[in-house]
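Chemist: Sequence:
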Amino acid sequence: MRLWIVAAFSLLLSACGTSVQRVAPDESIDLSGAWNDTDSRLVAEEMISDALARPWLGDYTSRNGTRPAVIVGSVRNLSHEHINVKTFVADMERSLINSGRVDFVASRDERGEIRDERIDQDLNAREGTRNAAGQELGADFMLQGQINTIIDAEGKQQVRYYQVDLTLISMADNRKVWVGQKKIKKLVKNPKIRF
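Each residue of the sequence shown is one higher than the one before, starting from 0 at the first, in numbering that gives the first Met the number 0.
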């Protein structure tokens, strides 16, 4: 009898265990209605595709005979929720670089680390293998933006509205050469609404 109780208790405890299932990284899973990896990837791909299809790119290329150098500046999260902006910026960087239509300049933090490495090379690396300072590629355009939300909730329903605004600005003269906007609206029906 005692063995039966121990076995039943063990079975009961194992039934409460966490279940984990691996899924494809590009599979869309929306559990809460909050901003997620799918939103980040799709918005970045769509907005960068739109930016690269606009006249500024062809104008620059025909005027200068080279691809423009682009850098992503600040993208601010002005939403009601925590959004990891770094993943969104990384998605945009990937789309820009993989397009092959622009050159891409490292961020301020990345450049600082690379400059430190150049200083170390000047002191420690063989002469033929050193990379000289002062040879960096300057950016021609900077991409900046923000993510905003509007939340409307009543009872057990909630509408989450996301608006992403991006602006591409000429470093030479501060002209805005492209302004993009992407909107996402989600209806969330939940027995318990969380913010």
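Hints were generated in silico from the structure; no laboratory data involved.
There's no promise every hint is true.
As the list claims (entries may be wrong) - Okay, derived cross-link-like pairs now, PhoX-like style, lysine-lysine, Cα gap no bigger than 20 Å in a straight line:
| # | residue 1 | residue 2 |
| --- | --- | --- |
| 1 | K155 | K175 |
| 2 | K184 | K155 |
| 3 | K181 | K85 |
| 4 | K181 | K155 |
Computed from a prediction, not measured in an experiment: that's the story for all the values here.
Chemist: For every hint, state whether the structure bears it out.
Modeler: To see whether the hints hold, each was checked on the structure:
| no. | hint | result |
| --- | --- | --- |
| 1 | K155 with K175 | violated, 42 Å |
| 2 | K184 with K155 | holds, 17 Å |
| 3 | K181 with K85 | holds, 18 Å |
| 4 | K181 with K155 | violated, 27 Å |
In terms of the numbered hints stated before, the structure departs from hints 1 and 4, listed from lowest to highest.
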